[in-house]
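Here are the chains, one letter per residue:
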Amino acid sequence: MDLLKISKDIRIDLLRSIGSVGSGHIGGCLSIVEVLTLLYFKYMRIDPSTPKMEGRDRFVLSKGHAGPALYATLANRGYFEKDMLLTLNKGGTKLPSHCDMNKTPGVDMTAGSLGQGFSCAVGIAKASKIVGDGARVYAIVGDGESQEGQIWEAAMWAAGQKLDNLIAFTDNNKMQIDGYTDEISPVSPLADKWRAFGWHVLEVADGNSLDEVDAAISEALTLQGKPVMIVLETVKGKGVAMAEAKGVGSHSFAMSPEEIEAAIEEIRRS
Amino acid sequence: MGQMREVLAKCLEEMMRKDPKVVLIDSDLASANGTLKLRKLFPERVLDVGIAEQNMASVAAGMASYGLRPYITSFAPFATRRLCDQMAISIAYAKQNVKIIGTDPGITAELNGGTHMGIEDIGVVRSIPGMTIFEPSDSVQLAAALPVIDSYVGPVYMRFNRRELADFHGKDYQFDLFRADVLREGTDVTVAACGLLVGPVLKLAEKLYAEEGISVEVLDVHTIKPIDEATLLASTAKTGCCVTVENHNVVGGLHSAVLEALAKKPVPCTKIGILDRSGEVGKLPYLREAMKMTDEDIVLAIKEALALKK
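Chains A and B, in that order, are what the protein sequence lines are.
Oh and the first sequence: position 33 is 33 in the working numbering, straight run, nothing missing.
Remember, the working numbering sits 1000 above the position in the second sequence when you count from 1.
So that you can see chain A by itself, here it is in the shape it has in the complex (with noise of 0.2 Å):
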């Protein structure tokens, strides 16, 4: 399986999508489409013509603003057609910037309001201990979001339940709204973090690379008896020149229709 290919698909997809609308979340969309790349064409246990098959891996998009890059990944993959993707936030749609499980096929768990959709994956992997199907579950949390208290809460907790089939991902862009994560309130120094929180923990230098995410959760599926956080240092609107130069205004902002296709034409060329 071609996974460059598939990776770009999906960059060239979530644009077309947030493209239709005119504006979203789109440097945090970039930053994470390697690793969705990797979990839904290579490692999850699914069956998109049965998205809510019993004993299945689940997947949480805690960061739920990051939706219109997982809607590319599920489509992509066959949970519903591409065009429902140019439906993406018009009024109606299965498909609402933040994930909602209710609405959209193959999304496992409603996200947005941050900080509570990686409890929610912790809950889910207690869940699937308690019934003993031996699913997998997997979580993208963001480095902004880590700044939410819940999030070590359900660090902690998880970790005293020796969650070892939870494999989760900090999208380490080092960007949020207002500014550089580690200059609003500084998230950092993040693998330590979760190392005295009791977790596994891999580095990704480069979080944006096919092969080296690959290894990291391949090196993590190996873990036993803590959950593993991988830690991606990645970039913030990764693979679209203009949103990788914006750099915190990347978080969301407005492109027209000849720079959508721009960018189309410089990730079909990369």
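No wet-lab data here; the hints were simulated from the structure.
You may find that some hints are simply not true.
[Said to hold, decoys possible] BS3-like cross-link-like pairs, simulated, lysine-lysine; straight-line CA separation at most 27 Å:
id, chain 1, residue 1, chain 2, residue 2
1, B, Lys1207, B, Lys1171
2, B, Lys1040, A, Lys129
3, B, Lys1021, A, Lys226
4, B, Lys1207, B, Lys1292
5, A, Lys162, A, Lys129
6, B, Lys1095, A, Lys129
7, A, Lys129, A, Lys42
8, B, Lys1095, A, Lys52
9, B, Lys1171, A, Lys162
10, B, Lys1021, A, Lys129
11, A, Lys82, A, Lys8
12, A, Lys103, B, Lys1021
13, A, Lys226, B, Lys1040
14, A, Lys226, A, Lys246
Use these hints to put chain B onto chain A, whose structure you have.
Quick look at chain B alone, frame taken from chain A:
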């Protein structure tokens, strides 16, 4: 006297025996709430998140998404105020079947005082779409209600004091989650009450009839949301006036809910409850006096309602 927390623990034990999907999550108040003993019986399914109520609510939502049926517990203010956003998003907005138990609401917090006195919990929860709110008036009703609430699919918030409450329901009591109980029929005035003061109101109604010939219709509005509009409107159509009695701020609680229900056919309505002021420490008799919630205050409110309709 029924010990509410003992009834709670007994009912939970029965539900957990019957169904492996029932899970209990405490937040460091299991000893206070009487649920600690369940840990030995069901060590895999009786959990404690520690002092982290927000995590408790979202963890429960995650478990519910997996098909489990979690119950979460704390004191009333921490089971509502403290986890309000988690209740609104992880539970209600995500449509997750989580049951929330908040003990010692309002003045039943007694010696824990103002910080622990949930006087706004009904108001907070009532404004969240999809939530149901239940407050039992004795341990018989609690025991009858829990299996019904367990089989109802959807989030429910329950508030009740953890210690004793004088029982007045008979053993054959039948519970309907969505129908208020007409405990006593009357023709002069409707008293719509919930929780702690329903028992005292019932006694007062009998006394008022015997001593002064005032015929009081007593409604136990055990489910504050969705409120039973039909029973309320039928009662006030007959009596022409109403008194609400609650152990909660009169702003946002039962009084507000009843006024909303009666707005289509308004009648004069007076109120007993916490008059938009903060809580404080004290035993129940002191607190009922401080908050103007004594039997005498209730009688005055009934007579005021009667005078207003003339």
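Is the Cα-Cα distance between Lys1021 of chain B and Lys226 of chain A 27 Å or less?
25 Å, holds
Are Lys1040 of chain B and Lys129 of chain A close enough, with their CA atoms no more than 27 Å apart?
Satisfied, since the Cα-Cα distance of roughly 18 Å is no more than 27 Å.
Within a Cα-Cα threshold of 27 Å, do Lys226 of chain A and Lys246 of chain A meet the stated pairing?
38 Å, violated
Would you check the hint for Lys1021 of chain B and Lys129 of chain A, treating anything up to 27 Å between C-alpha atoms as holding?
Between Lys1021 of chain B and Lys129 of chain A the Cα gap is close to 13 Å, so the pair holds against 27 Å.
Please verify whether Lys129 of chain A and Lys42 of chain A have alpha carbons no more than 27 Å apart.
23 Å, holds
Need the status of pair Lys226 of chain A, Lys1040 of chain B: alpha-carbon distance at most 27 Å?
24 Å, holds
Hey, Lys162 of chain A versus Lys129 of chain A, does the alpha-carbon distance stay inside 27 Å?
With a Cα-Cα distance of about 10 Å, the restraint between Lys162 of chain A and Lys129 of chain A holds, given a limit of 27 Å.
For the pair supplied as a hint, Lys1095 of chain B and Lys52 of chain A, is the alpha-carbon distance within the 27 Å limit?
16 Å, holds
Does the alpha-carbon distance linking Lys1171 of chain B and Lys162 of chain A stay inside the 27 Å limit?
45 Å, violated
Next pair to validate is Lys1207 of chain B with Lys1292 of chain B; report whether the Cα-Cα distance is within 27 Å.
20 Å, holds
Satisfaction of hint between Lys129 of chain A and Lys1095 of chain B, Cα-Cα up to 27 Å:
23 Å, holds
Are the Cα positions of Lys1207 of chain B and Lys1171 of chain B separated by 27 Å at most?
24 Å, holds
Hint compliance for this structure: hints 9, 14 are broken, all remaining hints hold.
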